[in-house]
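Starting from the given sequences, assemble the full structure and let the hints guide the process.
In order, the protein sequences belong to chains A and B.
Each number in the numbering used here comes from the position in the first sequence (counting from 1) with 422 added on.
Each number in the numbering used here comes from the position in the second sequence (counting from 1) with 30 added on.
No wet-lab data here; the hints were simulated from the structure.
Heads up, a few of these hints could be off.
Unchecked claim - Listed next, the in silico EDC-like pairs over lysine to aspartate or glutamate satisfying Cα-Cα at most 16 Å (straight line):
| id | chain 1 | residue 1 | chain 2 | residue 2 |
| --- | --- | --- | --- | --- |
| 1 | B | Lys50 | A | Asp691 |
| 2 | A | Lys986 | B | Glu138 |
| 3 | A | Lys986 | B | Glu136 |
| 4 | A | Lys986 | B | Glu137 |
These figures come from a predicted structure and were not determined experimentally.
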Amino acid sequence: MPQSNYQDLQNKSKKHWEELTNGAVPLIRIGSAMCGHASGAFRISNKFKSLINDKSLEVNLNHVGCLGLCYAEPIVEVKKENHPRVFFRNVSEDDVEEIITSYIIGDTIPDVGILGFLGNEDINLPAPSLDQIPGISLQKRIALRNAGHIDPSDVLQYIANDGYSGLHKALTSMEPSDVIDEVKNSGLRGRGGAAFSTGLKWSFMVNSPGPTKYILCNCEEGDPGAYNDKGILESDPYTLIEGLTIAGYATGASNGIVFIRHGHDGPIDRTEQAISQAYEYGLLGKNIFGSDFSFDIEVSLTGESYVAGEETALMEAVEGKRSMPRYRPPFPAAYGVWGKPSTINNVKSLSYAPEIISKGSKWFSKIGVEKSTGTAIVCLSGEINNPGLYEVPMGMTLGQVIDDLGGGISKNRTLKLLQTGGPLGGVLGPDSKDIHIDFDEMRAAGAIFGSGGIIVGSETVCAVDLTRVLVAFCQFESCGKCFPCRLGMEHLLEVIERIANFESEPSDIELMSSVGKTMESGSLCGHGQLGFGPIRSAMSHFKDDFEAHLIDKTCPTGSCLNSKITPKNTRPYATDYVPELVKET
Amino acid sequence: MTTKNKKLLDDIEEAIKSQKRPTITVLSSLLAIQDHIGYIPDEAITAVATSLKTSKNAVFNVASFYPNFRFTPPNTNSVEVCWGPTCHLLGASKILENILKILNIEEEGDTEDGKISFRFNTCLGACSQGPVISVNHELFGNMTSSEATALINKLPNSKTKH
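Structure representation (structure tokens):
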């Protein structure tokens, strides 16, 4: 597409957006990210479709992503000409007819749950402006700026909201080195867990020999408790596609690969659709915006494997093998996928790039705190009143997240523990409310911010029971390549199960520490190196819980008296398979 | 060759050939077959090895690693329960226990009547709606044991495995 056409494309998009959002035809938007899906959004959508059909109404129906207020899903928004946007919450199938008859055909707000409204138009509504709800007002949305507002299957809606202005600016007025400098200056640190400077990471690949170089985007996201990567892909895959393209330009890469776990159909389908639309509009492929820069992106799927999120294991999976980590060196920037130079970034890190380029590094670095700039995308779940997907400025305290955004602990219980940073992260106690969400402060507190999952537990939760589940997960997911992790995880699980069953021996704590140390120093990747982390932090914050199990042989909360079902790893061994297999074809 | 075998081989071939992504690998082909026919039969291992000019061992090496591959035909319906920490805190283990009881199985696997294939899932991705279960790939959040039972009881019976 010639350069001058970006303006045309924007004009076309803006016109389309205006017609859609304030045209004569009413617009219904249904929140249908995974949170919406799990609360019945697609059943609601089918009900809308069938009633719209029965009544021969002219209505536009969009499936949008997540506003962040997962607790209010399924959220249905209705926008009529010269009316504000009205958001209905926790919509049931029975509410659908009511919404259609009273508000789409008629003009009366129906008597169903109303979340709020958005817009300046005069309205007499028994609900607040959405901007006054803490779950919205305390958010600062950058990567998720379009989530819940645009239809992730319509690239024009993205462009109408200034989409592709960052890439256009980069390709028409910046050298690749300028782009890297801008990202370095923004202070952006990788959101995958390691918190390494994204700009610096990009610079490593610049001098690697081409022409084929890869930028990989990691959306394996097997962390239980984290859903922000999938949230971005489901709500606004274009911001990732644009960010990935910018990263490609900056590093001199020729190909981008978005790596997603098989089975997560929402994120996969929406990303693939976004890529094919980008090709259709010349935003991917040869000579983007008439420049010399050409770039291709494809989606690559992995089987179910948590370790596939480790950067070299991810490369193995892209090549179609077992997702087991490689030895390093050589490092990916020199020898990555198919032996070509490669850089891996997390979905969130890449999704910031369009706004950083378009609004500048100074704008970005003013958000958040000095060493942790920008926003944190928090997945708040567990025993909390308002679980959600909240993008907040870095530096907010955990207390603010739990009380102000999350609305406090559910069922009037009190906070006992926070599990942060995924199963390899840590467990924090109730005194952690003053800790700021900041990579370094969280690490110093013995937890990590990691991928952004915060799981909240009340006094009814037993720290031993939760730790057992975390260790069971890590054991299940150990890839088995290196023995400290393969055997260590199994050993740790055995001991923690013994503790949970009140059958432990006094030497068990020491035994776990010794196994943990071996894993830390001898494992090939982070899975084994960090595998002892959850136990160590749980033991330091919840000594009483452990002692009750170890010495008094009781479980104060009673959780450990319940059945302890954890899955067996059912991976078959090659020896279980047909004997002919030994023959080579 | 029986008609049934011929159909299986054709299905496998179709799954391998219908992949639209530019990069085709052992893993992508296996995933395509799993999606298309629901499991990885011996014939599929051979077919992938032949189409990608590699050994059967190399293919089974990959297939045996990822727990989402299965090697026998699945039952009519799939049920998965999340046992991630969020769902666990919110009562997933009671749901798991109850489902195992009503399905009369001891761990993940297939019911004898051919009705349900049951799996544990490490994370279904909708933690904010925990506890979550998946029934025929549709997610259901904020589950209770009785709601989960009701969903399972509604599932169609099957006379023959497909």
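Check each numbered hint from earlier against the structure, then list the numbers of those it violates in ascending order.
Per hint list: zero violations.
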